[in-house]
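Colleague: One-letter residues, chain by chain:
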Amino acid sequence: MRQRDLLWGLASVCFAALLVFLWHLISAYRLVAPVFLPPPLAAFNALANGFEDGRLASATAETLERIFLGWLLASVLGIMVGAWIGISAFARNYVMPTLELLRPLPASAAIPVAITFFGLSDAMVLASVGFGAVWPMLLATAYGVAAVDVRLVEVSRMLRLGRFSYLRIIALPNALPDILSGMRVGLVVALIITIVGEMLTSRTGLGQWIMLAARSFRSADLFAGIVILGLIGLASALMLSQIERWLLRWRLQA
Amino acid sequence: MTPLISFRDAGVAFGSKQVLEGLNLDIAEGEFVCVVGASGCGKTTMLRLIAGLHPPSEGVVSYAGQAIARPRPEIAIVFQDYGKALLPWRTVSGNIELALEAAGTPRAERGAIIANLIALMGLEGDGGKFPSELSGGMQQRVQIARSLAQRPQVLLMDEPFGALDAMTRQGLQDELQRLMMQQRMTVFFVTHDLEEAIYLGDRVIGLRRNPGRIGKVFDVRIGRPRDQVATPEDPEFLRIRRELYDFIRDTEREPAS
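Protein sequences appear in the order of chains A and E.
Residue numbers for the first sequence, in full-length UniProt numbering: 1 to 254.
Residue numbers for the second sequence, in full-length UniProt numbering: 1 to 257.
It is worth saying that the hints were derived from the structure and are not from the lab.
Glycine is no exception: its CB is placed at the ideal position from the N, C-alpha and C atoms.
Hints should not be assumed to be uniformly reliable.
Unchecked claim - Quick partial rundown of chain E residues pointing at chain A, CB under 8 Å, derived from the structure:
#1 Ala51
#2 Leu53
#3 Pro71
#4 Pro73
#5 Ala85
#6 Trp89
#7 Leu98
#8 Ala102
#9 Thr105
#10 Asp126
#11 Gly128
#12 Phe130
#13 Arg224
Said to hold, decoys possible - Stretch-level coverage of chain A by chain E, calculated; a stretch enters the list once three of its residues show a Cβ under 8 Å from a Cβ in chain E:
#14 145 to 158
#15 161 to 172
Unchecked claim - Cβ pair distances, simulated, as ranges:
#16 E/Pro106 x A/Glu100: 55 to 63 Å
#17 E/Asp174 x A/Ser165: 50 to 58 Å
#18 A/Leu72 x E/Ala103: 53 to 61 Å
#19 E/Ala103 x A/Trp8: 26 to 34 Å
#20 E/Val60 x A/Arg151: 26 to 34 Å
#21 A/Ser202 x E/Ala103: 56 to 64 Å
#22 A/Glu100 x E/Pro55: 45 to 53 Å
#23 A/Leu102 x E/Gly104: 36 to 44 Å
#24 E/Arg178 x A/Glu100: 13 to 21 Å
#25 A/Leu10 x E/Gly104: 49 to 57 Å
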């Protein structure tokens with residue numbers, strides 16, 4: 001089993017290497033002008049230089065902070081409101097229809113609204129990320145909390161659990177697998193909206209970095225930024241699946 | 001002496017369908033009562049009346065003289081489907097602890113109680129395992145341990161061994177008998193297994209169906225502890241067994257619904 005995992009890991013690394021090699025060939029034979037597509041080595045040099053003089057490092061740090069804060073805000077809000085909707089018929093009947101109206105709005109449509117309220121500020125980015133990323137968490141929590149097996153509901157009735165204890169002990173743990181997959185989707189949304197927000201607000205960050213590099217045809221810098229974004233996505237997905245494996249370890253044996 | 005549980009003209013209707021009708025029954029403290037009947041006769045509904053999970057449509061079901069309107073702390077339940085009744089994300093200890101948390105037992109006292117119940121139910125060494133790592137029989141032991149953690153006066157069991165293989169079932173029957181002799185609990189046990197009902201019960205209630213009602217009551221005057229080999233050969237056991245089978249066959253000739 002372990003050996004097979006290792007083999008698959010190796011295969012995926014080889015695949016990535018193959019893509020980089022293709023990229024190298026395309027730029028080496030000038031199939032695309034280097035102004036638009038830099039050779040991979042140039043991109044990696046730009047990456048190294050950016051980190052050496054600290055500009056890229058601080059941009060990355062700022063972006064990471066915005067993604068994480070926005071995602072955290074969306075998670076806390078989504079889980080709280082989702083739990084309320086999942087457990088209360090009142091909330092389902094009176095609050096959910098309004099939320100259904102807001103939900104299909106693209107987060108990018110919320111950005112101009114956020115700008116009128118918060119200006120071109122960090123708070124605006126945070127609010128937009130929160131609005132965009134809250135939905136997967138909210139809906140997953142509402143679903144998971146409401147989908148407790150009738151038998152477990154009867155068990156908690158027999159044990160005379162109060163509403164809050166029921167939520168804490170039975171319903172939220174029951175929703176955990178759903179919540180975690182909602183958080184996974186939410187993280188991707190948070191990353192996207194953060195970058196768009198940074199492009200619009202011109203706050204230091206990878207979004208602004210990419211935007212400025214593209215406008216001044218510094219394609220190596222542009223690709224360095226994109227590579228970092230990819231790595232952020234990869235690293236966060238890996239981290240989340242590790243956390244998920246630990247939290248849902250009771251399911252592994254099933 | 002007043003009965004611990006009593007049914008007075010109790011009945012249940014689901015919409016226009018009368019499921020149970022005119023139930024009159026007294027259960028004394030410490031008694032082991034088994035309920036049998038053809039499927040659809042309302043055995044489980046009768047148990048749910050005592051549990052307070054379902055209100056009677058007419059009449060009264062009472063515990064120690066008080067009408068049962070909702071679940072009471074003195075009454076615990078063991079369901080047949082242990083797989084759904086346990087919290088899959090909690091270990092064996094965690095599942096037993098659930099009843100203690102619900103009862104507001106201080107954290108410091110829980111460990112000792114859990115350890116006792118684990119020993120009592122033969123779950124030593126499994127405290128840290130998740131239900132998915134245990135066999136069906138062991139999972140049902142966990143559910144019984146959890147219901148005992150509630151320190152109930154009355155234990156309601158809804159076909160608790162119905163999903164287990166014969167060997168495991170016999171082992172658990174004997175452990176249940178041992179427990180009841182030790183703790184003098186009152187047990188209301190629903191089963192479709194007639195031998196099991198006679199083997200375990202002080203009394204066996206046979207239900208008729210459509211609408212469900214008490215058809216015949218059998219007193220089982222066989223001493224305890226009973227034995228898986230000797231008891232089924234006891235003349236008294238054989239006599240009741242014959243009468244019970246005749247009764248059930250008779251009820252099955254009535255239209256189902």
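Colleague: Now tell me, hint by hint, if it's right for this structure.
Modeller: Going down the list of hints, with the structure as the test:
| no. | hint | result |
| --- | --- | --- |
| 1 | Ala51 | holds (6 Å) |
| 2 | Leu53 | holds (6 Å) |
| 3 | Pro71 | holds (5 Å) |
| 4 | Pro73 | holds (7 Å) |
| 5 | Ala85 | holds (5 Å) |
| 6 | Trp89 | holds (5 Å) |
| 7 | Leu98 | holds (7 Å) |
| 8 | Ala102 | holds (4 Å) |
| 9 | Thr105 | violated (12 Å) |
| 10 | Asp126 | violated (13 Å) |
| 11 | Gly128 | violated (11 Å) |
| 12 | Phe130 | holds (4 Å) |
| 13 | Arg224 | violated (28 Å) |
| 14 | 145 to 158 | holds (count 8) |
| 15 | 161 to 172 | holds (count 4) |
| 16 | E/Pro106 x A/Glu100: 55 to 63 Å | violated (45 Å) |
| 17 | E/Asp174 x A/Ser165: 50 to 58 Å | violated (36 Å) |
| 18 | A/Leu72 x E/Ala103: 53 to 61 Å | violated (35 Å) |
| 19 | E/Ala103 x A/Trp8: 26 to 34 Å | violated (49 Å) |
| 20 | E/Val60 x A/Arg151: 26 to 34 Å | holds (27 Å) |
| 21 | A/Ser202 x E/Ala103: 56 to 64 Å | holds (59 Å) |
| 22 | A/Glu100 x E/Pro55: 45 to 53 Å | violated (35 Å) |
| 23 | A/Leu102 x E/Gly104: 36 to 44 Å | holds (40 Å) |
| 24 | E/Arg178 x A/Glu100: 13 to 21 Å | violated (57 Å) |
| 25 | A/Leu10 x E/Gly104: 49 to 57 Å | holds (55 Å) |
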